[in-house]
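Peer 1: Just add 4 to wherever you are in the sequence shown, counting from 1, and you've got the numbering used here.
Just so you know, these hints were derived from the structure itself, not from any lab. No residue lacks a Cβ here, since even glycine has one placed at the ideal position from N, Cα and C. One thing to keep in mind: the hints can contain errors.
[What the hints assert, rightly or not] Below 20 Å or equal to it, Euclidean Cα-Cα: the simulated DMTMM-like pairs (lysine to aspartate or glutamate) are: (1) K155 - E57; (2) K269 - D428; (3) K269 - D62; (4) K155 - D364.
[Claimed, not checked] Restraint-style ranges between C-beta atoms, simulated for each label pair: (5) W211 - G361: 45 to 53 Å; (6) Q272 - W211: 30 to 38 Å; (7) D62 - P215: 27 to 35 Å.
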Amino acid sequence: MTMPTTSVLPNTEEAKAPAKGSLGVIFLTVFIDLLGFGMVLPLLPLYGKSLAESGGFDQWTTGWMLGLLTCSFSAAQFVCAPIWGRLSDRVGRRPVLLMGLTGSVIFYAIFGISAAFGSLWGLFFSRIGAGVAGATISTAQAYIADSTTPKGRAKGMALVGAAFALGFTLGPLLGSAALLLGPAAARSPWPGFVASGLSAIALFLAWRRLPESRTLSNQNQRLNASKGGMLAGMSPSVLAFIGTAFASVLAFSQFESSLSLVIDKIVQIDSQLTEIPQEASRVLAWFDPDQRMRSVDNRRSVVVLGVFVYLGLVLTLAQGFLVRRLAGRVSERMMATTGWIFAIVGLIAIGWTSRQGNFDLFLVAIAIEVIGFACVTPSVQSLISRGSDPEHQGAVLGVMQSATAVARILGPLVAMPLVAFQIDWPAWSAALFSAVGLLLFLLAVRKGGDWKVSQQPSE
């Protein structure tokens, strides 16, 4: 198999500097799009549960139905991420990102329509379509890989993580505000409609301000870059690190997908969590004269959204400040190993505190787990990128995205039936998979090494 040997190699220290402001634009584009994701995700299990119960499903079937609904997004990502990645290697990153954002506009709107009309199958369709569109996140990572040197790779990858974290922080806040736009209801459509509008803003920003990052000199080289087996474009460590990324996301997705229902059960144990203090009631009256937030359904939704805001804030601080400050000073291997330890300890604590119904310590445990995950993710992504042939960055990162999509499929399918029977079981399961992930990572680092120009087969 032949590959070009004369094209610009972004994986070297001489990588071309990004166009002025391009990384800032990619950050803003991903952030605005993920605001919509953060608005919808915490409400999805609650909406799905409401529709499944109204459809007459029993507890076991409802658990599986929620698992399928939650993982449908990732199933679509699994299929589409490698396709988007290879397409971006061939035609460039910019057009692929624009197509993905267009899809987000359409399918978040369908989510709102489905909630308004009470269609469970409409929710499924909207999440599958959003997964197809969201699979372009690996293209955003490839854009950053094109624009950074190996030394700055972890810091660059943390940009996507920070955008994701900010989306998780502010998205639920906007989701809470969106609940006020319509009458009190168990399934308000407004979070979906607002998410669609935010994706439209991101699309406009990318269309006007995002330059192309690919540096291949002509179309023939782009065609060559999209051909051949991707295994030829990986160092021996890359497949092992992809397995590590799979284990990390599998553990986190079990925690994340079941979190709304775990919080809901804790709220049922401690009803004071949904009580509105008299002082807050007076302030709320200014913003909510029709008392929409006085409904039990909306108050419980706000508690769930509030915890996701907290989760996102911790993730933002961890990836936006801690990881980016340590990148370049601490090796990716040390950062990821430390992160794995934090994640395992945090998940064990989540299991114990949720079983006890101790909400305050539950929040502390969430912070420990999230800090660990924030350290692992960009470190592993950086190691995968550094171990890959620059001409296959999009494809290799697409494979990683596809592998983690499988993890997001399996995570809810495991966690949702577990949480239906015992509140702490998803956390114990996630801790077990995290321990496996740590062992895989320690094995992967022994194979480690950056991609070298000498590894390219001669023509």
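Peer 1: Within 20 Å, alpha carbon to alpha carbon, are K155 and D364?
Peer 2: violated, 39 Å
Peer 1: Note whether the CB distance of Q272 and W211 lies within 30 to 38 Å or breaks it.
Peer 2: violated, 46 Å
Peer 1: May I ask you to test the hint 27 to 35 Å on the CB atoms belonging to D62 and P215?
Peer 2: violated, 54 Å
Peer 1: Could one say that the CB atoms of W211 and G361 fall in the range 45 to 53 Å?
Peer 2: holds, 49 Å
Peer 1: Straight-line Cα separation of K269 and D62 no greater than 20 Å?
Peer 2: holds, 18 Å
Peer 1: Is K269 within 20 Å of D428, Cα to Cα?
Peer 2: At roughly 11 Å apart (the allowed maximum being 20 Å), D428 and K269 satisfy the hint.
Peer 1: Quick one, are K155 and E57 close enough, alpha carbons at most 20 Å?
Peer 2: violated, 52 Å
Checked against the numbered hints given earlier, this structure breaks hints 1, 4, 6, 7; the rest are met.
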